[in-house]
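Trainee: Sequence:
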Amino acid sequence: MGVFFWAGCDYHVDSIYLGRKEAKFLGHVSQGDLKAVTLYLDRGGDVNLQDEPGMTPLHHAVNADVRGSRLEMVKLLLQRGANVHAVDDTFYTPLHLASHMETAQVLLDAGADVNARTRRNGETLLFSAAWGAAQGRGKNYETYLNLTRMLIARGADVNLKLRSGSMIEEDAPHRDKPGDTPLHGVARSYTEAEASEVCSILIQAGARINEQNVRGHTPLDEALANERPQTADFLRSQGAMTGKEWKEQSSGNPEENRPVIQSSLYPAESE
Numbered sequence: 000m001g002v003f004f005w006a007g008c009d010y011h012v013d014s015i016y017l018g019r020k021e022a023k024f025l026g027h028v029s030q031g032d033l034k035a036v037t038l039y040l041d042r043g044g045d046v047n048l049q050d051e052p053g054m055t056p057l058h059h060a061v062n063a064d065v066r067g068s069r070l071e072m073v074k075l076l077l078q079r080g081a082n083v084h085a086v087d088d089t090f091y092t093p094l095h096l097a098s099h100m101e102t103a104q105v106l107l108d109a110g111a112d113v114n115a116r117t118r119r120n121g122e123t124l125l126f127s128a129a130w131g132a133a134q135g136r137g138k139n140y141e142t143y144l145n146l147t148r149m150l151i152a153r154g155a156d157v158n159l160k161l162r163s164g165s166m167i168e169e170d171a172p173h174r175d176k177p178g179d180t181p182l183h184g185v186a187r188s189y190t191e192a193e194a195s196e197v198c199s200i201l202i203q204a205g206a207r208i209n210e211q212n213v214r215g216h217t218p219l220d221e222a223l224a225n226e227r228p229q230t231a232d233f234l235r236s237q238g239a240m241t242g243k244e245w246k247e248q249s250s251g252n253p254e255e256n257r258p259v260i261q262s263s264l265y266p267a268e269s270e
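For what it's worth, numbering that gives the first Met the number 0 labels the leading residue of the sequence shown as 0, then goes sequentially.
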């Protein structure tokens, strides 16, 4: 284990531009070196220092976590005072980077907001977890499916909408669009391997099956536009309609058909 302290150094960081010892510390965090990280913190190191993009050690630990491989590091940092609400420059909290259910549970138990939203598009972890599960790729499928179920059980809002869509090719059928819910994303997933099951989980949790994005598209519209026939058939079996069909049915009350997007551009910083 390398020792990266020397006499007379201040172990607290005054800016986001890291020195050699701080950068090395973050490397040890990502590598899961509990002894090196403990030594750094015992010598007065800042458990909540931020790198240039604003990521804290807790962000790095969660980001390096593969199937729970950094769980003990996450626990150590939390025990030493890591801020579970810390946000980077894009308002990603450590929870946004979680891909493993148990790691996400530890963060939630420490007070993380299950509905914390990113700065640009207002995405929560549920969006990426549900989309990942819908791809149905081996072990990743089980990992993301378990994460999706756990997030819902812990209060994740299945009807939150994206504030903005993809930064490139937003008009393309497969891209995110403003006003999308997690169900929209799953309906257009790249593969149909497990999309119907994930749709079912979201619907059972209260996802509004005919919710529309700013283009007036329902999840069924997204499935059809992306040529996902199995997903479309499943959504139909659950009572789904296209935006056009919904508009015709709701013509007597136009307000029922109006897409709603959360009004605030940026989420409030957690205290």
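For the record, the hints were derived by calculation from the structure and aren't laboratory data. Where hints are given, some of them may not hold.
[Unchecked claim] Simulated crosslink set (BS3-like; lysine-lysine; CA at most 30 angstroms straight-line): (1) K74 with K23; (2) K34 with K20; (3) K23 with K34; (4) K74 with K34; (5) K20 with K74; (6) K243 with K138.
[What the hints assert, rightly or not] Estimated spans, in silico, between C-beta atoms of each pair: (7) R119 with Q248: 43 to 51 angstroms; (8) G205 with Q248: 36 to 44 angstroms; (9) G53 with R235: 19 to 27 angstroms; (10) G154 with D41: 45 to 53 angstroms; (11) R207 with Q229: 46 to 54 angstroms; (12) E196 with Q78: 33 to 41 angstroms.
Here a beta-carbon is modelled for each residue, glycine too, at the ideal position from N, C-alpha and C.
Trainee: Checking each numbered hint in turn, tell me which of them this model violates, lowest number first.
Mentor: Numbers 6, 7, 8, 9, 10 and 11, in rising order.
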